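Q: Residue-level listing of the chains:
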Amino acid sequence: MVVEAAVEVANASHQFSVSGRQLLVLAGVNLTIQRQHFVSLLGPSGCGKTTLLRIVDGLIRPTSGHVQVDGVRVVGPSTDRAMVFQEFGLMPWRTTLQNAEFGLELQGVPRHERRQRAMAALELVQLGDFLEHYPHQLSGGMKQRVGLARALATNPRLLLMDEPFGSLDPQTRELMQIELLRIWESDRKTVVFVTHSIEEALFLSDQIVLMSPRPGRVREVLDVDLPRPRWEAEEEIKASPRFTELRRYLWAQLKAELRD
Amino acid sequence: MMQSDVHVAVAKGLTARPRRSAGARLSSLWSQRRGLFVGSLGVILAVAIWELVGTLGLVDPILLSPPSAVARKFGDNFFRTGVIYPHVLASAQEAALGFALCIAIGVPLGILMGRVRLMREILDPFVMALYSAPMVALLPLFILWLGVGIWSKVMIIFLGGVFSIAINTQAGVESADRALIEVARSFTATRLQVLVKVVLPAAVPFIVAGIRLSIGRILIMVVVAEFYASSRGLGFLIMQAGATFDTAQVFVGVVILAGTSIGLSQLLRLLERRMAPWAHPGQE
Numbered sequence: 001m002v003v004e005a006a007v008e009v010a011n012a013s014h015q016f017s018v019s020g021r022q023l024l025v026l027a028g029v030n031l032t033i034q035r036q037h038f039v040s041l042l043g044p045s046g047c048g049k050t051t052l053l054r055i056v057d058g059l060i061r062p063t064s065g066h067v068q069v070d071g072v073r074v075v076g077p078s079t080d081r082a083m084v085f086q087e088f089g090l091m092p093w094r095t096t097l098q099n100a101e102f103g104l105e106l107q108g109v110p111r112h113e114r115r116q117r118a119m120a121a122l123e124l125v126q127l128g129d130f131l132e133h134y135p136h137q138l139s140g141g142m143k144q145r146v147g148l149a150r151a152l153a154t155n156p157r158l159l160l161m162d163e164p165f166g167s168l169d170p171q172t173r174e175l176m177q178i179e180l181l182r183i184w185e186s187d188r189k190t191v192v193f194v195t196h197s198i199e200e201a202l203f204l205s206d207q208i209v210l211m212s213p214r215p216g217r218v219r220e221v222l223d224v225d226l227p228r229p230r231w232e233a234e235e236e237i238k239a240s241p242r243f244t245e246l247r248r249y250l251w252a253q254l255k256a257e258l259r260d
Numbered sequence: 001m002m003q004s005d006v007h008v009a010v011a012k013g014l015t016a017r018p019r020r021s022a023g024a025r026l027s028s029l030w031s032q033r034r035g036l037f038v039g040s041l042g043v044i045l046a047v048a049i050w051e052l053v054g055t056l057g058l059v060d061p062i063l064l065s066p067p068s069a070v071a072r073k074f075g076d077n078f079f080r081t082g083v084i085y086p087h088v089l090a091s092a093q094e095a096a097l098g099f100a101l102c103i104a105i106g107v108p109l110g111i112l113m114g115r116v117r118l119m120r121e122i123l124d125p126f127v128m129a130l131y132s133a134p135m136v137a138l139l140p141l142f143i144l145w146l147g148v149g150i151w152s153k154v155m156i157i158f159l160g161g162v163f164s165i166a167i168n169t170q171a172g173v174e175s176a177d178r179a180l181i182e183v184a185r186s187f188t189a190t191r192l193q194v195l196v197k198v199v200l201p202a203a204v205p206f207i208v209a210g211i212r213l214s215i216g217r218i219l220i221m222v223v224v225a226e227f228y229a230s231s232r233g234l235g236f237l238i239m240q241a242g243a244t245f246d247t248a249q250v251f252v253g254v255v256i257l258a259g260t261s262i263g264l265s266q267l268l269r270l271l272e273r274r275m276a277p278w279a280h281p282g283q284e
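Note that the protein sequences, when read in sequence, are chains W and V.
Sequential numbering of the first sequence, starting at 1, is according to our numbering.
Sequential numbering of the second sequence, starting at 1, is according to our numbering.
Keep in mind that a hint or two might mislead.
[To be verified] Facing chain V, from chain W, some residues (calculated, C-beta under 7 Å):
1) Asp57
2) Gly71
3) Val75
4) Thr79
5) Met83
6) Trp93
7) Leu106
8) Gly108
9) Pro110
10) Pro227
11) Trp231
No lab work stands behind these hints: they were computed from the structure.
Since we're looking at a predicted model, the values are computed, not measured.
The beta carbon of each residue, even a glycine, is placed where N, CA and C say it ideally should be.
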């Protein structure tokens, strides 16, 4: 069976104008992401990984080249995709439940249905007891659970995650990775996950897209052949020789990148 | 797996606090309400001194009626002669009409200026000029245009209050977090949805602050407009009382106006707490 690609990035370049100077953020990126794969974009800051993610979502248009998702050219945000944001992006005037309903509300899903779907998503991220709390009453980890629930509630075919755990403390971050895998390994949506943490990328991904900065481009695509499910086997996975080997390899690549 | 998160929630005071001793409660009440206690004490002291100055005959009561005389006058006005009611009614009518217009025009104007660049560029000089100009100076003009009836007063009241609301609304609209707007766009929000679901809720505390600011300006305009050309209203009453050396009556008018201003302002503060609890973390 030939599996149709979920995401197809064709020769995408992007330029920003920073104080009158043209800055090339992405230079001719080609990338194919298979359905039901968990793919991480890994690289140092300035490698354009967030820009690439935003292009895939349709939030920005590439200066040249194009992106197809499920065979359809991306011209703007779509209900088929949902994003989880680094700084959570929760509306401070909305409760947990109202925040989780946000995407469905924008899509015009009837009140009763969106409430049910939001509640189900919040149960999935174990926030069922915090429905009426406002974001300022939640910890960082809980806020990002709300962000995740908001994305999952819309039932997207493609989940885009922009350094979602980047602003969490290390312990919470690890717990959230396990949580994410627990949820993901049960229904396997296609995920594109931006991170600058080698461990995070390795533990979560089927594939790691290693990117280089100035200008941002794809340096290498690495298959992560660690066994799944991983969420209940975190310590074994991270202590396995293969994990160590891959981490060393990626670190060597990144170091070379940073020295250039 | 949720344990650590739940602990954080508990630490933030989401669950019942343990009981404390009466002494501890009293001292925490003092530290929370300190401003109220000290402030009330100051007011009581000031009123007492004012009363003494009057009853000891240090100042001629024609120039400064003591609080007791003002209170008596107040009671007479409301419960014996009832002379105050037509004045209160007239002022309230003008103020309510002007205030309603201020909000009905000021909020949309602020939104327009905050969201549409061309509108901002066109309207900015006018708003700035009208906001800074001593609006009272235009009153003779409005009387000429609209007559000495209620509408010239409503006009000046409206112009006195509308710009603080518009300017604050604009600031609120512009303050909306770009990241949140992007979140909404990513979830396929239309321009209208971005406005209604992100920009306006973010602007609520600003809009309420603008409305609170406008209340003071509106009441000034009510009084001044009634000084000029009127035979009714609190401004007229104060003017007339002053001209006939009835200082107690002057103070009755001033107390009503001040009370109204404080009352409305507090009401709005309460309203804002209810509408935007998120803007006051730690004050629940």
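Q: Give a verdict on every hint.
A: Hints, one by one, checked against the model:
1. Asp57: holds, 6 Å
2. Gly71: Violated. Min distance 19 Å.
3. Val75: violated, 12 Å
4. Thr79: Since chain V brings a Cβ to about 6 Å from Thr79(W), closer than 7 Å, the hint holds.
5. Met83: holds, 5 Å
6. Trp93: Where the cut-off is 7 Å and the nearest Cβ of chain V is about 5 Å from Trp93(W), the hint holds.
7. Leu106: Since chain V brings a Cβ to about 5 Å from Leu106(W), closer than 7 Å, the hint holds.
8. Gly108: Since the shortest Cβ distance to chain V is 10 Å, the answer is violated.
9. Pro110: violated, 16 Å
10. Pro227: violated, 21 Å
11. Trp231: violated, 10 Å
When each numbered hint is compared with the structure, violations occur for hints 2, 3, 8, 9, 10 and 11.
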